[in-house]
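J.: Residues per chain are reported as follows:
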Amino acid sequence: MQGIDIQPTHEYQGYRIRPGKPFPFGASLVPGGVNFSVFSRSASYCVLVIFEKGAATPLVEIPFRGMFAKAFTEEPVWGEFRIGNVFNMTVLGLDDEAIEYGFRMDNGLAPAERGKPAIHRFDPSVVLLDPYARSIGGRDVWGRAPDWNAPFPHRSRVVSDDYDWEGDRPLEIPLEDLVIYEMHVRGFTRHPSSGIDAAEAGTFSAMREKIPYLKELGVNCVELMPIYEFDEFENSRWDDERKCWSKMNYWGYSTIGFFSPKAGYASTGRLGDGTMVADELKSLVKELHRNGIEVILDVVFNHTAEGNEHGPTISYRGIDNSTYYMLTPEGYYQNFSGTGNTLNCNNPIVRDMVIDALRYWASQFHIDGFRFDLASILSRDPWGGPMANPPLLESLAFDPILGKCKLIAEAWDAGGLYQVGSFPAYGRWAEWNGKYRDAIRQFLKGDPGETGAMSQAILGSPQLYQGRGPTASINFVTCHDGFNLADLVSYNGKHNEANLEDNRDGANDNASWNCGWEGPTDDPSILALRQRQMKNAIAMLLVSQGVPMILMGDEFAQSKFGNNNTYGLDAEINWLDWTLRETHRDFHRFVRKMIAFRLAHPVLRSRDFFHYSDPAGRGYSDISWHGVQAWRPDWGGRAIAFMLNGYYAKGGTAPDDFIYVALNMHWDALPFELPRLPDGFRWRIFANTGMPAPEDAFDAGAEPELADQNVCLTGGRSVVILVGRSEAQ
Amino acid sequence: MGLDISVTQGADEAIIQLSGELDAAAAPKLKEAVEKVAEAKPKRLVFVVGELHFMASAGLRVLIFAKQKMGSGVSLYVIGSQGPVLNTLTMSGFHRSVILQDTYKPLE
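Protein chains in written order, with our numbering: chain A, 1 to 729; chain B, 1 to 108.
Treat the hints as calculated values from the structure; they're not laboratory data.
Model, not experiment: these values are computed from the prediction.
Incorrect hints may have been included.
Lysine-lysine pairs mimicking DSS-like chemistry, simulated, CA-CA at most 30 Å apart [what the hints assert, rightly or not]:
(1) B:LYS67 to B:LYS43
(2) B:LYS29 to B:LYS105
(3) A:LYS435 to A:LYS445
(4) B:LYS67 to A:LYS215
(5) B:LYS43 to B:LYS31
(6) A:LYS210 to A:LYS404
(7) A:LYS247 to A:LYS116
(8) A:LYS53 to B:LYS31
(9) A:LYS21 to B:LYS31
(10) A:LYS53 to B:LYS29
(11) A:LYS445 to A:LYS404
(12) A:LYS210 to B:LYS67
(13) B:LYS41 to B:LYS69
(14) B:LYS29 to B:LYS69
(15) B:LYS67 to B:LYS105
Generate the whole structure from the sequences, applying the supplied hints.
T.: Below you can see the structure in the form of structure tokens.
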């Protein structure tokens, strides 16, 4: 039987309405109409503004109020459609696909002056975006210049959340078994060499076409740089000389709406249909899952695109400025994010919004995990002080719907809080391990005395994560921030002139080494050394305990010409150049073999730290360290080796080979005396970065036997990886 | 421009011919037609869309509804899709869930 709440109780300019339901927030489809619900603690007046899609002027503005019968007297009185601090109203008979909507709010005070501090920033002249908008119009096609004078540039849309998942479920791959590929949706297929039709290039749907490539590479997780709605034109300016936009927001670390996929990343964006945009992303997730690939979103909850006192009023500040943002007592915006404002994440209202958003992505989009940008901000109290037990982080760690999602923190912020190793983890959170990156880079470039730090990195950083396990450590040599791999071995210093900030932006401390010449060169010996160093880095990353992450483009050595901060460049420098797959095919082959090697060997993917013991009496502890002499590591030099006993792989549940890895970052070749294997076992060579392809890496099962079973000569700046198994196997 | 629907029901298959625009206003009409042909339990449900000029997400949802309504034993064909309609099917990924053909040739 049909519900009895589909009849209007009021009418306004021909629109049939009734007081709505406060939950869920935002616009939701209900029988016969659309329910709208929005929170504001301080607004005294709220109006629903409905537009025909794309129209500049509203179709109708319906106040959240109507006549009610006064108790006892039946005398009619005005009353608000509001419960507590939540305005809510159902509009019946609305064509949800044909409209866009927003709100006007006021509390009777004079609007705050732009540039001046203020606690409240109500401005009834502005149509506000719904903080819970599931789809946002206004930037529907990437790079299409907007109407700068549009009074309502970011427009909330209604989304239908039914979708045919065809049985898809999140994959729930154990964290320790992931190989993460950090990537940019647009950059992945925007380059003409991607072979994708120009109209579709750079979109979710284009990425879906390229899933076979990811599968061939061997990664089982993609981490998408921000895909929440953002404005690529934020802070951009037209470069008249070069006839293009400069300083675009290409990376997207500046959220407009936390519930909405970026329309400009959808090939369906141009159709102006929010449901289709959402469905396109869902289809991508479904297809990735079908191919055994998980999806992690890089989410930006530390600030919004509204900037500081000088910024635009888009949504939050016009709804409840002092709830959504951390303010000084005078009403200035706190700036722990380095971008103008700081979202007030531990305010209970904002905390609920963050949790609602993540639950939405996990349940409606089947997202497998989240990486939180500048996550340390999420541990600050409403006044900016770091908390020992931050409620938001605790709530996320224990949330029932997010219960199987990966939670990964970028454990620092721009306000000086650095929590790598000390992020409030509740047994759930993993961290981008910045100290791993630093250790591996320093060891790689041949700094002396780094073997100790390197050994911690190999072990999954127990010095940081004792009690949490290696899965707390997301290991990376490069990420979107800083040099990529090709530049790490080609530049000593950053070269960020293209960013138009006089090379002041970006990190100065890169722990990089150019191998003898700054930038491009024809010198074959330098080029060979660079390729070897890249192979060394990939090898170190993929034999480390913890969770490896590879940056898009590094798998075939794409350079960014020394630019270590390419956030604002929507240009070839940031677009994956598919021709390099052929140019650097040997290196690309090596990367694929290394990923396959990791996934073939459970001993490289422990959930727990090694115990340095041999409880089953096999004659070898789970891990042992070696040097030029077996069993005698040199902790002061530039070379180290280790051996893993496969018997203890995954706590003894997944028997594996012995694995021996010699890491020689000395410029000279060194003979590594090999530990003696049990009778009947032989050492075989899986990889030797000192050898040219195809002898730099072999397929599992086809590794040639080492001629000399006692000594492994390891070339200067080279890594050798051996597997030891019994002839009977 | 509205939506014209013509249905031919055979022993094993139902052919639904569409022309015009399949938008939110027209979608319920198509849904009704799908429900009706489903009663005869055909093995193949065929949408001929060569004359369809536009399909909104409400329209796409009727196709998805049809697929779910008919169950996994029934094949769904979409015939002669082109231009914006084909775009809608491919961009949304729905083309992977149905059999897309230029002219109707039953596969079994």
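J.: Tell me the numbers of any earlier hints that the structure contravenes, in ascending order.
T.: 11
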